[in-house]
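Top to bottom, those sequences are chains A and B. So the first sequence is residues 1 to 412, counted in the numbering used here. So the second sequence is residues 1 to 412, counted in the numbering used here.
Because the hints were derived from the structure by calculation, they are not lab data. Quick caveat: nothing in here was measured; it's all calculated off a predicted structure. There's no promise every hint is true.
[Unchecked claim] Calculated cross-link-like contacts (lysine-lysine; reagent style DSBU-like; alpha-carbon spacing at most 35 Å):
| # | chain 1 | residue 1 | chain 2 | residue 2 |
| --- | --- | --- | --- | --- |
| 1 | A | Lys147 | B | Lys164 |
| 2 | A | Lys269 | B | Lys10 |
| 3 | B | Lys147 | A | Lys269 |
| 4 | A | Lys25 | A | Lys352 |
| 5 | A | Lys25 | B | Lys265 |
| 6 | B | Lys264 | B | Lys164 |
| 7 | A | Lys269 | B | Lys25 |
Protein chains: 2
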Amino acid sequence: MTTINNNFLKLNSSYLFSRIASEVKTYDSKNAGAPIISLGIGDVTQGLPSLAGQAMVDAIGDMLSPSTFRGYGPEQGYDFLRSAIVQSQYRSRNVDIDADEIFVSDGAKSDTANIQELFSDATRIAMNDPVYPVYVDSNVIGGRTGKWVDGRYEGVVYIPISSKNNYRFLLPDVPVDLIYVCSPNNPTGAVATKEELQRLVDFALDCGAVIIYDAAYESFIRDPRFPRSIYEIPRACECAIECNSLSKSAGFTGLRCAYTVVPKKLQVKDAEGTSHSLRDLWLRRQTTKFNGVAYPIQRAAAAMFTPEGQAQIRELTDYYLKNATIIRALLDETSLEFSGGLHAPYIWINVKQDSWECFRMLLEEARVVVTPGAGFGPSGEGHIRISAFAMRESVVSALQRLRPILLMNWKK
Amino acid sequence: MTTINNNFLKLNSSYLFSRIASEVKTYDSKNAGAPIISLGIGDVTQGLPSLAGQAMVDAIGDMLSPSTFRGYGPEQGYDFLRSAIVQSQYRSRNVDIDADEIFVSDGAKSDTANIQELFSDATRIAMNDPVYPVYVDSNVIGGRTGKWVDGRYEGVVYIPISSKNNYRFLLPDVPVDLIYVCSPNNPTGAVATKEELQRLVDFALDCGAVIIYDAAYESFIRDPRFPRSIYEIPRACECAIECNSLSKSAGFTGLRCAYTVVPKKLQVKDAEGTSHSLRDLWLRRQTTKFNGVAYPIQRAAAAMFTPEGQAQIRELTDYYLKNATIIRALLDETSLEFSGGLHAPYIWINVKQDSWECFRMLLEEARVVVTPGAGFGPSGEGHIRISAFAMRESVVSALQRLRPILLMNWKK
């Protein structure tokens with residue numbers, strides 16, 4: 001008789017953003033009022049850049065005629081896109097990455113969730129806490145954690161990030177095998193400095209760990225002090241996989257295109273001590289279990305890696321960064337501790353109360369959706385995340401509603 | 001120190017179609033001659049249906065303006081598409097499937113590869129042999145097989161399908177937990193009858209197995225004797241998951257859109273004997289590790305489930321079935337045993353010689369690519385698969401080249 005993968009039963013609740021969507025829907029259906037404004041899930045709201053739209057329309061033209069039709073493409077992405085990524089994201093910054101180290105996919109969510117398949121069951125995973133829940137949830141399903149006990153999964157090395165250390169990135173205090181790091185960070189909005197990443201790379205090389213570096217918010221960085229790729233750090237290509245996405249940069253959340261870099265220099269041993277190329281392993285995984293991204297979407301993505309495309313990305317991300325500045329200005333009027341909103345679209349606020357309670361209070365009193373920090377890990381408790389991905393008028397309206405509540409509860 | 005998932009080392013070779021593409025590329029670069037014609041990988045060649053193209057262009061229009069922009073959609077697909085699938089594929093055939101049992105994805109390859117995650121490590125898997133290699137490869141990576149010994153993975157229940165039984169579908173001769181069945185079959189082209197599927201469902205209900213039913217070629221069926229969905233069989237919704245795709249029906253190989261049905265009635269026990277809804281488990285898997293299909297592609301897919309869309313699918317599949325008829329006609333002139341090519345785009349030929357040798361012989365002597373049967377499993381040895389997914393003129397040219405070789409080697 002068939003039995004299920006019992007690891008699913010360890011998952012402590014439904015996927016965070018599904019749960020929020022469901023709570024908001026239920027609340028809204030029972031309570032009439034002004035339209036609910038979401039500063040919750042980090043979903044872009046501006047229209048798709050015109051260059052991406054035009055590239056897609058042109059590509060659909062190709063698809064309509066048998067002579068220019070494109071069927072199955074390479075699972076790892078078309079050369080035209082991989083080369084454009086290499087040129088725009090790496091060579092232009094003097095980082096040495098080749099096109100055959102780039103794997104195009106349908107999302108950084110998919111890649112950061114699937115990458116754990118490459119590693120043994122005994123892999124000891126570590127992650128900054130709070131963090132994007134997909135990293136730990138995918139490892140729970142994959143059987144690399146123990147049970148959910150007292151708000152944590154047994155066996156996972158959580159690296160608590162809090163106001164005590166100003167929400168800066170820290171290293172594990174024990175040797176580990178796999179470390180997930182996201183910078184600019186979701187949810188804290190912290191951005192890793194060159195020195196912090198250098199320490200991370202040194203740590204990984206020292207204990208033979210692999211870093212999964214999620215750079216999905218890299219396009220929000222405006223200060224050259226902060227690296228836009230982990231490969232700007234010497235020897236990172238011996239220990240780090242980098243995931244990036246067009247979702248937050250070019251507004252592709254509804255188009256689904258991302259890429260992961262697995263450098264050829266990244267070698268990991270098998271149980272018998274023989275070294276293997278992780279790039280080759282990921283290629284085998286992708287060719288076996290994935291069939292590539294739609295051709296018109298790869299064309300749209302390639303358009304965004306031209307100089308004109310980069311200018312459109314700059315304009316889009318500037319818009320959201322301006323939102324963040326407006327949100328920070330209100331918080332500055334309160335006694336609340338917060339981080340982020342500079343070089344990052346998220347603002348992380350220490351509300352010092354149960355985060356789901358705060359979520360519900362703001363939903364009920366202001367009809368504004370934020371994300372409860374507990375959903376990002378045990379150290380997220382007591383915090384909420386505000387997303388700057390919203391239309392300006394929504395941000396302004398939301399802040400008008402939040403203002404009296406924040407000033408009353410957190411007077412300066 | 002990090003170590004890899006050793007199960008990758010069990011995989012006996014690279015993914016079949018990547019290996020073929022690489023062998024053909026190497027051969028072509030070293031041997032000048034007439035253009036190579038591929039009757040190998042089952043990739044469509046006709047242009048994208050106009051309805052799909054128009055729906056995508058309209059959807060891109062939506063994406064360009066903030067007021068109609070669509071960002072993250074539901075991971076399991078938009079309601080408009082799930083409802084269209086239910087109406088067109090199930091209700092119209094008096095099959096009772098609800099929209100909340102439909103999960104839209106980027107491909108039947110992804111779904112058939114990922115579905116094994118729902119089941120315990122101890123799951124005993126069975127499959128018709130030969131079969132689409134993704135079923136077994138995904139289970140190898142997932143650790144549900146032993147080593148590759150004498151052309152088989154230990155622990156897998158292979159159900160040999162051969163000319164002895166006219167390539168009909170058979171049942172395992174032992175109880176199993178998970179059975180993969182593809183009808184119309186890839187690679188044999190056999191189509192399961194109502195009676196064969198009834199026996200399969202009875203077997204699964206009897207031993208508590210789950211059926212993974214891959215119906216990706218369902219749109220090629222022209223005879224009502226053959227069910228187009230396994231749910232046409234009573235009680236199949238208690239034991240079967242059905243995967244389907246727009247790749248082969250609507251020419252979406254380069255657009256990536258598919259769907260999987262996990263009925264609410266499908267319950268599977270955990271290690272402690274408590275029943276769980278597989279639908280809920282798959283929803284959790286998809287919301288955690290996947291972020292949905294691009295909005296314009298879901299609009300294109302929905303257009304194909306209208307009556308006009310179904311007419312365009314009929315026209316496309318008729319074209320490929322005509323190719324199959326032409327290929328069968330040549331084979332009828334030879335002494336070769338073969339199956340398929342009726343209600344199916346593949347023709348499976350018993351060449352009674354090493355299948356990779358035959359592949360190379362046809363590549364060298366005719367510059368025609370076919371698929372070596374050994375790539376589909378141990379019982380595929382001695383066979384080749386010819387795909388009818390090609391332009392008519394390519395099929396005609398390929399057959400002109402193959403004709404003297406086939407008639408010389410397999411005289412009637």
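Now for the hints, and whether the structure bears them out:
no., hint, verdict
1, A:Lys147 / B:Lys164, "51 Å, violated"
2, A:Lys269 / B:Lys10, "15 Å, holds"
3, B:Lys147 / A:Lys269, "19 Å, holds"
4, A:Lys25 / A:Lys352, "26 Å, holds"
5, A:Lys25 / B:Lys265, "26 Å, holds"
6, B:Lys264 / B:Lys164, "39 Å, violated"
7, A:Lys269 / B:Lys25, "31 Å, holds"
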